[in-house]
Amino acid sequence: MELKWLEDLAAVARIGHFARAAEARYVTQSALSRRIKALEAWAGAELVDRTEHPIRLTAAGTEFMSSASAIIKQASEAQAAAANYARIGERGITIACLHTLALNFLPRLVAELHRKVSPFEAAIVPETRTIEEYLYALRNGTCDFFICYNHAAIPFNVDVDDYPRLVISRDRVLPYGNAAKFAGILEPDNERPIPLLEYGPTSIMARVLRNVLSGAEFERRLRTVYRATLAESLATAAREGLGIAWLPESIAEHIRGDTALDPISHDYTAELEIMIFGSRHNKRPVVRRIWESLEAE
7 MELKWLEDLA
17 AVARIGHFAR
27 AAEARYVTQS
37 ALSRRIKALE
47 AWAGAELVDR
57 TEHPIRLTAA
67 GTEFMSSASA
77 IIKQASEAQA
87 AAANYARIGE
97 RGITIACLHT
107 LALNFLPRLV
117 AELHRKVSPF
127 EAAIVPETRT
137 IEEYLYALRN
147 GTCDFFICYN
157 HAAIPFNVDV
167 DDYPRLVISR
177 DRVLPYGNAA
187 KFAGILEPDN
197 ERPIPLLEYG
207 PTSIMARVLR
217 NVLSGAEFER
227 RLRTVYRATL
237 AESLATAARE
247 GLGIAWLPES
257 IAEHIRGDTA
267 LDPISHDYTA
277 ELEIMIFGSR
287 HNKRPVVRRI
297 WESLEAE
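Taking my numbering, I'd label the letters of the sequence shown as residues 7 to 303.
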């Protein structure tokens with residue numbers, strides 16, 4: 007049994023509709039339905055009356071939910087308490103972010119905020135999570151901010167009243183590789199196979215890349231030769247001459263140094279926003295000062 011199953015059931019009970027509850031939980035309706043069924047199998051009883059509209063809990067579900075609500079509350083309080091101990095100090099903040107942004111962007115951002123706000127301690131947590139998990143961490147105070155890329159291929163149907171957001175910078179994705187080795191390889195009249203350094207299918211950048219490559223004339227010539235979730239791994243593989251990788255410009259500029267890692271083309275690119283999310287429930291003074299400083303930009 008997983009805690010998120012209990013939270014799914016609470017959402018269905020509160021909203022009375024599977025599709026809208028799934029939207030509130032940032033998962034697909036089919037995923038939510040599977041998790042509710044898994045919870046019912048674990049509990050050994052039907053918890054949801056699917057014949058009612060709006061959907062209601064069964065008698066067993068109502069009884070089960072009274073205990074489940076207490077478990078959710080206690081788990082949230084315990085996690086928030088642990089998060090306080092994990093902070094570096096009383097003025098400390100925790101920022102969850104994509105690993106790619108943690109390497110270069112976050113240190114520069116924190117240094118800039120030190121100059122504008124006042125010094126504070128910052129713990130950076132570059133983990134791979136679902137959007138649901140990031141928002142849950144914001145809501146219960148496990149992290150104070152979540153920073154990520156935003157693109158049309160990445161759906162962020164987030165309640166801006168609960169989770170305010172700001173665009174704080176921009177980046178660009180370009181095809182990188184050894185320019186001498188792969189010159190002209192993306193041109194329509196070139197028939198060479200294209201060795202692709204590809205993102206893992208679950209990564210955010212994989213969605214961006216699919217959007218960029220969809221309908222490209224050279225798409226049929228792509229041959230995946232290396233796959234990794236982290237852009238940094240693909241950047242190193244491109245620097246070593248293994249193939250072509252579509253990389254955030256900030257990562258490529260940082261990693262290439264004096265090596266032969268250059269844009270293969272300035273076509274087939276994607277513009278990215280760098281976005282920060284907060285939570286309206288977070289009233290910590292240092293968090294409010296940082297948000298107000300970012301908002302004033």
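Some hints here could point you the wrong way.
To be verified - Pairs of lysine-lysine, DSBU-like flavour, derived with a Cα cap of 30 Å:
no.: 1; residue 1: K79; residue 2: K122
no.: 2; residue 1: K289; residue 2: K79
no.: 3; residue 1: K79; residue 2: K43
Treat the hints as calculated values from the structure; they're not laboratory data.
Fill in: Hint check against the structure, violated hint numbers in rising order
Number 1 only.
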